[in-house]
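Hey, can you work out the whole structure from these sequences and the hints?
Number of protein chains: 2
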Amino acid sequence: MPQAFSSLRINPDRMLDSFTQLAAIGATAGGGVDRPTFSEAHLAARRWFREHIEQNGFEFRADGAGNHSAFLSCGDSSAPTLILGSHLDSVPNGGRFDGALGVIAALEVLKTVRENRISLNVNLEAMDFTDEEGTLVGLLGSAALAGHLRLENLQNPRGGQERLVEGMKRAGLSDESMLSAARTKESLAGYLELHIEQGKRLERAGVNIGIVTAIVGIWSYRLSFIGKADHAGTTTMEDRRDASLGAGAFTLAARELVMRDFSNCVVNVGKMEFAPGAFNIVPARVDVSLEFRSPDEDEFNRLDKALLELAARESSRFGLELKMEFLGRHSPSLMDDKVRAAFAAACDDLGLSHMPLSSGAGHDGQSLADLCPVGMIFVPSVDGASHSPREFTKWEDCVNGANVLLQAALRLGSG
Amino acid sequence: MPQAFSSLRINPDRMLDSFTQLAAIGATAGGGVDRPTFSEAHLAARRWFREHIEQNGFEFRADGAGNHSAFLSCGDSSAPTLILGSHLDSVPNGGRFDGALGVIAALEVLKTVRENRISLNVNLEAMDFTDEEGTLVGLLGSAALAGHLRLENLQNPRGGQERLVEGMKRAGLSDESMLSAARTKESLAGYLELHIEQGKRLERAGVNIGIVTAIVGIWSYRLSFIGKADHAGTTTMEDRRDASLGAGAFTLAARELVMRDFSNCVVNVGKMEFAPGAFNIVPARVDVSLEFRSPDEDEFNRLDKALLELAARESSRFGLELKMEFLGRHSPSLMDDKVRAAFAAACDDLGLSHMPLSSGAGHDGQSLADLCPVGMIFVPSVDGASHSPREFTKWEDCVNGANVLLQAALRLGSG
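Protein chains in written order, with the numbering used here: chain A, 1 to 415; chain B, 1 to 415.
There is no bait here: all hints are sound.
Same chains, same names: a pair is fine if it fits in one copy or spans any two.
Straight-line C-alpha distance at most 30 angstroms; calculated DSBU-like pairs for lysine-lysine:
#1 LYS305 x LYS228
#2 LYS228 x LYS200
#3 LYS338 x LYS185
#4 LYS394 x LYS228
#5 LYS200 x LYS323
#6 LYS338 x LYS394
#7 LYS323 x LYS305
#8 LYS200 x LYS338
Quick caveat, the hints were computed from the structure, so don't treat them as lab data.
Since this is a predicted model, take the numbers as computed values, not measurements.
Here it is in structure tokens:
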């Protein structure tokens, strides 16, 4: 890397100005934002991004999946593109930093590179990916860009078919356009993302930057514990086949299993649905929304087996039937070694402490990991708050992250 | 009792014909009936009952609470009324016997008394009480008749305000009419009801008739276990305050407590509601629908204390807050000794075995127990099935029950 590059820094005030403008769109009383994919607030944030790109004299690009970007031609016209980015959608009643910081920092890196008239071996693109959070599908824009999206992903979306069709219509997208957004391996130099940690590890360790080693995979099931509806007054306790007992015992035992034997993993029972669901009827059926995460594929297989055995055991202990519906998986994604090294060198040059971390959350990088070199960095989340209006990262840490993103992009783009 | 009375029997074929006509109204594919209060099917059953009463030459009566009855003047015009009855509404997708058997048997008793030109010290009334099952309020017609109904019971009904208003409108009822249906103590000689057991005790014991000692009381709460919504991937297992753990542990422990220390009681967690309720968010709040029943007031107080302490303990074990909303109580109701003795004597005369039983279900008799002598008998439920299309009682047992009802009414009405 040319020596002059290492003294470059992003402009913290300019970045803060953009960040603040964006945070006002869909702002909630609690200090967060509410921008589920293709909601009015999300569409407004997308319009703001487009106008901001154009007002700043960048080329605005939009693909068939609704991914929006600023393109900076700082390399040959035939040079591959290094994408920097994140997403502008939020979970319902989410925070200001998740996604937005990465998009704003990416654009700030492009501004910094352009104003310093830097030539690289790559062109740069600052991207807002569509529907990262999964209001509709999850990692939708990045899957489309990576060529992984299939028509069936659009036909049984987790947010419901009607909502997806309606949202795509509002955003001017179609199934056909979605499936046409794939890019080639040759066109891509890599993908870098700055994100908040969404956990407490950096804060507890007092470290500036987390360099992501892997994005955990996610497996999910709907487990149905099935007993028998009976009158809750006239049926003796002994005679009941109460579905709540299997569901409750499984939830408690799954937590203990993971804490004892799978310390790299997490498990969540995010929802139970009771049927028939009345005060005076013994529950005949409880549907359990189960999700578990691991950074390692072998560990996934072991955990999967252990959890399903546990469900079967707790189910039969209470005389219940068990039905298991596998809802899908995202495999764990390893981050690229060269990108990790570039992040580490950038931190060292900037005098910032860093540590390796796995990402417990899914991110767009996992869609791209088999297509091009992918890397991510985290900055500390105060008290680990995430997907909440309480989400907060000190501005100094945001600036640190943007500078590491800049320096790593310069290294990778001139190497 | 005049000796001639003891040879009287109801007409089994005539009763079966009426029972079968009624069971066809709102019949479901599974062999049950679906007649929630003031549904089309329920209104049709009510019309059938009215026409049947009138075609059989009885006086049809309707009060302001929508209670319908056949009146038989078999005593002085100033004599008190002995009410026999039950209800024509069903739970959604319920059975043919629950309620309907008691109404049909009551009317059959009146037919038998009339055709034998019997004079008694009481007049007889065969009654269908409004909304016993609680689609709208629960024990609604009997509470109104007993003078216990208050305007506030109509303003926060368990079935929802809109549904109650709409249903009352369809049935031609109003708040004012409801509150005007009260009868006086002096006007009533008692209330007798034949019902299916809804449990397995008679079948297991091989006994013909259960003579109810008490109708259990019901207390209900909404318990809210409150933790913190967090990202289910990035929050370590140790850092979570997962509301599902308190709710699950409480459900399991409540069952153990009742089975160990409160063998006369039952407890049910019929529903849990998770918030926010997503696969990838640690549950912040679980609302638990808790109901427990006891035939004894002192035991209720002990069980209440023990359950709430348990909820507090399981809640704090997982770092959760607990909110408790008391939703109401029905006190246990003791059946009248004289009525019980009349049932027992009737069984003995008929050569039917009998045993004392508490009723785990609520019944209209509990509304009337402080107003007049109340008694109930149960006939065996095959496999204990209840509130289900599988509900079944052998016709021979139905006939036995109707004859016990007849004989007890004759004893009480001529004593």
